[in-house]
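Colleague: Chain by chain, the residues:
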Amino acid sequence: MLARIPGRLLQIIPTLILIGVVVFVLLRLLPGDPASALLGNRATPESLARINAQMGFDKPIWVQFLLFLGRLAHGDLGVSVTERIPVTRVILQRLPVTLCLVGFAAVIALVLALPLAFVAALRQNRLPDLALRGLFQIGLSSPVFYIGLLLLGFLGARLHWFPVGGLGQGFWGAVYHLILPAFTLALSLAAVLMRNLRSAIIGVLRADYVDFARAKGITPWRVLTGHVLRNSLITTVALFGLNIGVLLGNSVITENVFAVPGIGGLLVDAIFGRDYPVVQGVTLVLAVLVSLVFLATDLMESWLDPRLHA
Amino acid sequence: MKSMLLRTALTLGALLTTSAAYAAPVTGGTLNFARNADSQLLDPVLNNANVDIWILTNLYSTLLLPSADGKSVIPGLATSWTPSADGKTLTLKLRPGVKFADGSPVTTDDIIWSLTRAVDPKNGIWNFLLASVASVKAEGDDTIVLSLKNPDPSLPAALATFNSAIMPHKLFEAAKGGTDAEKAQNFAEHPIGSGPFVLASWQRGSHMVLKRNPYYWKKDEAGQQLPYLDEVNLTVVPDDATRILQLKAGQIDATEFVPYERAHELQGDTNLTMDLFPSTQITYLQLNADPKLNDGTPNPLSNEKVRQALNYAISKKAVIQVVTHGLGTPMHSFMPSTTPLYADLGPAYSFDMKKAKALLTEAGFPNGFSLTAFAQAGKANDSSTLATLQQMWGQLGVKLSIQQMDLPTMDARQHKSDYQIRTAYWTNDIADPNEITSYFAYFPNIRNQFSGWQDARTDKLFLQSQVELDPAKRVAEYKELQQIYVAGAPMFFLYESPFAAATRKNVIGFRQSPLGNDMFEAAYIEK
Amino acid sequence: MSSTVPTLSVAPATEPRRVWKRPPSAFILGAIITAGFLLAAIAPGLLAPYDPLAFDYDNLQVGPGAAHWFGTDNFGRDVLSRIIWASRIDIQIALFCTIPPLLIGTAVGSLVGYYGGIADTIFGRIVDLVITFPFIVLVIAIVAVLGPGLVNVYIAVTSVGWVFYARLVRSQVMVLRQADFAAAGQVMGYSAARIIFRHLLPNAMTAVIVYWMTDMALDILLGSSLGYLGLGAQPPTAEWGVLVSDGKNFMDTAWWMTVFPGAAIVVCGTGLSLLGDGVADLLAVRR
Numbered sequence: 001m002l003a004r005i006p007g008r009l010l011q012i013i014p015t016l017i018l019i020g021v022v023v024f025v026l027l028r029l030l031p032g033d034p035a036s037a038l039l040g041n042r043a044t045p046e047s048l049a050r051i052n053a054q055m056g057f058d059k060p061i062w063v064q065f066l067l068f069l070g071r072l073a074h075g076d077l078g079v080s081v082t083e084r085i086p087v088t089r090v091i092l093q094r095l096p097v098t099l100c101l102v103g104f105a106a107v108i109a110l111v112l113a114l115p116l117a118f119v120a121a122l123r124q125n126r127l128p129d130l131a132l133r134g135l136f137q138i139g140l141s142s143p144v145f146y147i148g149l150l151l152l153g154f155l156g157a158r159l160h161w162f163p164v165g166g167l168g169q170g171f172w173g174a175v176y177h178l179i180l181p182a183f184t185l186a187l188s189l190a191a192v193l194m195r196n197l198r199s200a201i202i203g204v205l206r207a208d209y210v211d212f213a214r215a216k217g218i219t220p221w222r223v224l225t226g227h228v229l230r231n232s233l234i235t236t237v238a239l240f241g242l243n244i245g246v247l248l249g250n251s252v253i254t255e256n257v258f259a260v261p262g263i264g265g266l267l268v269d270a271i272f273g274r275d276y277p278v279v280q281g282v283t284l285v286l287a288v289l290v291s292l293v294f295l296a297t298d299l300m301e302s303w304l305d306p307r308l309h310a
Numbered sequence: 001m002k003s004m005l006l007r008t009a010l011t012l013g014a015l016l017t018t019s020a021a022y023a024a025p026v027t028g029g030t031l032n033f034a035r036n037a038d039s040q041l042l043d044p045v046l047n048n049a050n051v052d053i054w055i056l057t058n059l060y061s062t063l064l065l066p067s068a069d070g071k072s073v074i075p076g077l078a079t080s081w082t083p084s085a086d087g088k089t090l091t092l093k094l095r096p097g098v099k100f101a102d103g104s105p106v107t108t109d110d111i112i113w114s115l116t117r118a119v120d121p122k123n124g125i126w127n128f129l130l131a132s133v134a135s136v137k138a139e140g141d142d143t144i145v146l147s148l149k150n151p152d153p154s155l156p157a158a159l160a161t162f163n164s165a166i167m168p169h170k171l172f173e174a175a176k177g178g179t180d181a182e183k184a185q186n187f188a189e190h191p192i193g194s195g196p197f198v199l200a201s202w203q204r205g206s207h208m209v210l211k212r213n214p215y216y217w218k219k220d221e222a223g224q225q226l227p228y229l230d231e232v233n234l235t236v237v238p239d240d241a242t243r244i245l246q247l248k249a250g251q252i253d254a255t256e257f258v259p260y261e262r263a264h265e266l267q268g269d270t271n272l273t274m275d276l277f278p279s280t281q282i283t284y285l286q287l288n289a290d291p292k293l294n295d296g297t298p299n300p301l302s303n304e305k306v307r308q309a310l311n312y313a314i315s316k317k318a319v320i321q322v323v324t325h326g327l328g329t330p331m332h333s334f335m336p337s338t339t340p341l342y343a344d345l346g347p348a349y350s351f352d353m354k355k356a357k358a359l360l361t362e363a364g365f366p367n368g369f370s371l372t373a374f375a376q377a378g379k380a381n382d383s384s385t386l387a388t389l390q391q392m393w394g395q396l397g398v399k400l401s402i403q404q405m406d407l408p409t410m411d412a413r414q415h416k417s418d419y420q421i422r423t424a425y426w427t428n429d430i431a432d433p434n435e436i437t438s439y440f441a442y443f444p445n446i447r448n449q450f451s452g453w454q455d456a457r458t459d460k461l462f463l464q465s466q467v468e469l470d471p472a473k474r475v476a477e478y479k480e481l482q483q484i485y486v487a488g489a490p491m492f493f494l495y496e497s498p499f500a501a502a503t504r505k506n507v508i509g510f511r512q513s514p515l516g517n518d519m520f521e522a523a524y525i526e527k
Numbered sequence: 001m002s003s004t005v006p007t008l009s010v011a012p013a014t015e016p017r018r019v020w021k022r023p024p025s026a027f028i029l030g031a032i033i034t035a036g037f038l039l040a041a042i043a044p045g046l047l048a049p050y051d052p053l054a055f056d057y058d059n060l061q062v063g064p065g066a067a068h069w070f071g072t073d074n075f076g077r078d079v080l081s082r083i084i085w086a087s088r089i090d091i092q093i094a095l096f097c098t099i100p101p102l103l104i105g106t107a108v109g110s111l112v113g114y115y116g117g118i119a120d121t122i123f124g125r126i127v128d129l130v131i132t133f134p135f136i137v138l139v140i141a142i143v144a145v146l147g148p149g150l151v152n153v154y155i156a157v158t159s160v161g162w163v164f165y166a167r168l169v170r171s172q173v174m175v176l177r178q179a180d181f182a183a184a185g186q187v188m189g190y191s192a193a194r195i196i197f198r199h200l201l202p203n204a205m206t207a208v209i210v211y212w213m214t215d216m217a218l219d220i221l222l223g224s225s226l227g228y229l230g231l232g233a234q235p236p237t238a239e240w241g242v243l244v245s246d247g248k249n250f251m252d253t254a255w256w257m258t259v260f261p262g263a264a265i266v267v268c269g270t271g272l273s274l275l276g277d278g279v280a281d282l283l284a285v286r287r
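Residue numbers (the working numbering), protein chains in the order written: chain A, 1 to 310; chain X, 1 to 527; chain B, 1 to 287.
Isolated chain A, as found in the complex (with noise of 0.2 Å):
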């Protein structure tokens, strides 16, 4: 299994360089410069020229983008044009923030649908059930600004059981402003996770082996937990690998909503700042992340399911 690994990474790579090819030419087709963006209504022929030359900008396409392949080849991402320091060091700051916020969206999402998928399948197509399909259907309808929105003005303004945005000081601090971002995020999730659980325990229920092993005195109730935590964290796994991108997505909209500094809003940030050099380094870390993740899901899958050994 293990040894499927470099053969995938190779694969990332042609990707990758694509992802470069079309970043690198839908930027160029941006209306507007970075030294405009930079100058606005101060900007000088002079003052545009000088940082245009010093960002190597005035240079023929081609071979801005010469350098850029160059540079990408010793792990170098280039400069930003509004903060001034490389690249890697502006996303290094931030990375850290959304991958937090990713993965404790993913726990929390874990944590909310486990329980609720077993009550719902136990009560099948009574109240509960089709209750919590119901907010099941509305957690999936609900744009994650407006669930967002909601949470901050209830719980954090009027209420104060949470901070109002923000990041906080150290480590528990943060977990501390998390909270709220992070359960934006999970519910679009845990609504999925809780679905395809559900109907695997249904399914469970409904197997034949259940009944052998009810037969040999094992209770349901053993099988159901043995059985079930392991299937949830498969399906976990494989949800969280197939919505890795979307999840990021979403972070952009949960980072602008709660001011969490993280790299969506430096993306954002970037485009509207015309700042070539952190555009493209994001977008090829996302793209690198998402890429990573995907294999990373394939391993663990096949490594949670036996099954998928032969």
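Read the hints as simulated data drawn from the structure, not as lab findings. Fair warning: this is a prediction, and the values are worked out from it, not measured in the lab. Heads up, the beta-carbon is just placed ideally off N, CA and C, and yes, glycines get one too. Take these hints with a grain of salt, some might be off.
To be verified - Heads up, simulated SDA-like pairs for lysine to any residue below, C-alpha to C-alpha not over 20 Å straight-line:
#1 X:149 x X:91
#2 X:88 x X:463
#3 X:292 x X:454
#4 X:248 x A:159
#5 X:416 x A:50
#6 X:399 x X:368
#7 X:317 x B:74
#8 X:137 x X:91
#9 X:176 x A:89
#10 X:416 x A:41
#11 X:248 x A:154
#12 X:416 x A:40
#13 X:211 x A:168
#14 X:248 x A:155
#15 X:122 x A:44
#16 X:149 x X:466
#17 X:473 x X:83
Unchecked claim - A few chain B residues facing chain X, derived, Cβ under 10 Å:
#18 149
#19 230
#20 252
Use these hints to put chains X and B onto chain A, whose structure you have.
Modeller: Frame of chain A; chains X and B shown alone:
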């Protein structure tokens, strides 16, 4: 509205007499302040943006300082400044015993190096403010002499502006990096200056902590050491609504850029103080006066009468009501009324539809024409302003269509003169009229905001005023210049508006200067 | 499957869909909700009690009550009327963000699925590219290139969204191509076009229609999210996301300005999803 203006005046008054009228300010504590955007490069000379400028004055001191009303200059690191009779030299006496935040003394070498760096045309975009300086020399260790290429009446104001901040030469040289640019970059991440605070930590995009500079040179009127606060924690919260929710929840102590639509409500909140600081902030529409647009079609706005007519057809009162909820005041000139040498010539084009109609007919457009205006996407104020204008100009048969775009696109198109009308804002950076005038009225710099409007007399007046030693004459020159500009109407005049900041009730003494600088040095938190 | 952000993909359940069949009442509820919003979109003037743009300075931010069921906003405009008029924009978003991708995707997917070869390889690369990229980020970037506004949102979503339809149709066509009737068609010398259009596509369309229903719900979420970020519909156009964004400034004093427009998004999205699930069940039964 009146009560709010009054309150502003009272707040300012209270500030100036704080130490005399009240019990001693409370020392210590942390002020949590939410900003709408993070700083980018904390270098006095190389920065480009307000997010840097407005914080720099807390980290660095300048030889002179702007007065509270922004109209004159008071002593800073220099205690006196004396121009020579021919105006070609300026002699400054230095304050003794001033130290940087690391405890090392501020020397004449630091001053010579800092100013020379700021004057160098290769460095940044602000060197034009010090363009008259030929050389900087020391006489003994308490006197600095600036030799000038020409007399420069704005030099004291320029020496009170962020870009002439005094930096520690030795520490700068000790910063990592092979070139000056790299050193500047690294130094700007841990800047050490002689301002009231020093940067303690900075998590980009998230927050920045300023700690009290124990060696700060300034005391308040009662002789108490400034600053009062131990720490200022600046967090970045881009969303206006979220900042206000945080303030109401007590999560932060103060914030800036309160939307005008919220001002009235926050004023009624007994836990908060709503401050409306006089500002140099103007909101206007920039127009293109070139005879032809970039696509080759003739441009009716090249006709002066048309520009005047459309200016007459704007009810500034209506715009001010809709956009600022009555907190703005109509512009009377292209420069904000808080600018030194501003001449109040009365309202620039008071609302008069009859006059507008007549002028338009005279100009040969009795049935109007079509115009396109750019608005910043997602900015509700821009679209409401233009929607109001659509209505008013519609009565003249002038059809205004609105095109939404993001700011960099709009800027880039303006820089290529590829636009007809765009929404625009401005804030002065220096307590002198020459900055705004060089960008708005003196053609050779940037074709007057890329409008293409040009007036030879204005250009001449500006050059004269730049070397004018007689203050009365300079006043007269600026008066004439403003008259010509208003008559030529190369912009659509809208309104001036205050800086709206809000604090918890127990925060005293926070101030925003008319130039926008956040001033934490005299702020404290009442128990 | 819903790769069109901002909600999540549903992985295939481990058990046949039949067990999941919801009570028909859910389907009926979905149909009623959808019909209601369609009506609002077609004839907002009939339903809205007030002019959605008329300022009323005497009734600023009035809470929900008999005169204004959902209250008024900071200009005294009736929130309910603005929500009803906004339906027109949001339903338009649901249609214009899905129909062009559906058409393009179906065409490309069936061709690639039928012929395979180099075209299929290139298509595989494009799929890799699109799924490795958070959808909303790509849409934001393209909207930035084109400039904010609804038409550009349609173009941006179409330029990415077609891939998901194409992927779906391709896999369906590839499976069906192996089926007996397609093989029989080839033996009988039918043209490729005839086989694709007469035999393969009709069978593949079931999955496409089911996906389309979910996709509409998701694009309403996407469109309102872009409106919220200031990239979609531009004020003064009333669009649900823009209404929420306008209202959030007054969350603590006039909650109805935020809560009701947001609720419209949730209800409309739920209605479309329920309808989509119902349609899926119906079509599955017929097959």
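Colleague: Has the given pair, residue 149 of chain X with residue 466 of chain X, been kept, meaning a C-alpha gap of at most 20 Å?
Modeller: holds (12 Å)
Colleague: Min Cβ distance, residue 149 of chain B to chain X: is it shorter than 10 Å?
Modeller: holds (6 Å)
Colleague: Has the given pair, residue 122 of chain X with residue 44 of chain A, been kept, meaning a C-alpha gap of at most 20 Å?
Modeller: Given pair residue 122 of chain X, residue 44 of chain A holds - Cα atoms ~14 Å apart, limit 20 Å.
Colleague: Is residue 416 of chain X within 20 Å of residue 50 of chain A, Cα to Cα?
Modeller: holds (17 Å)
Colleague: Taking 20 Å as the top limit, are the C-alpha atoms of residue 473 of chain X and residue 83 of chain X close enough?
Modeller: holds (17 Å)
Colleague: Below or equal to 20 Å on CA atoms is what counts here, so check residue 416 of chain X against residue 41 of chain A.
Modeller: holds (12 Å)
Colleague: Verify the interface restraint on residue 252 of chain B: the C-beta must sit less than 10 Å from at least one C-beta of chain X.
Modeller: With a closest approach of 6 Å, the residue 252 of chain B hint holds.
Colleague: Keeping to a limit of 20 Å between CA atoms, is the pair of residue 137 of chain X and residue 91 of chain X held or broken?
Modeller: holds (10 Å)
Colleague: Given the hint that residue 176 of chain X pairs with residue 89 of chain A, test it: the Cα-Cα distance must not exceed 20 Å.
Modeller: Roughly 16 Å separates the two Cα atoms, so the pair holds.
Colleague: Is the hinted pair residue 248 of chain X and residue 159 of chain A satisfied, with a Cα-Cα distance of at most 20 Å?
Modeller: holds (12 Å)
Colleague: Is the interface hint for residue 230 of chain B satisfied, with its Cβ closer than 10 Å to some Cβ of chain X?
Modeller: holds (2 Å)
Colleague: For a C-alpha distance cap of 20 Å, please report whether residue 317 of chain X and residue 74 of chain B respect it.
Modeller: holds (19 Å)
Of the hints listed earlier, there is not a single one the structure fails to meet.
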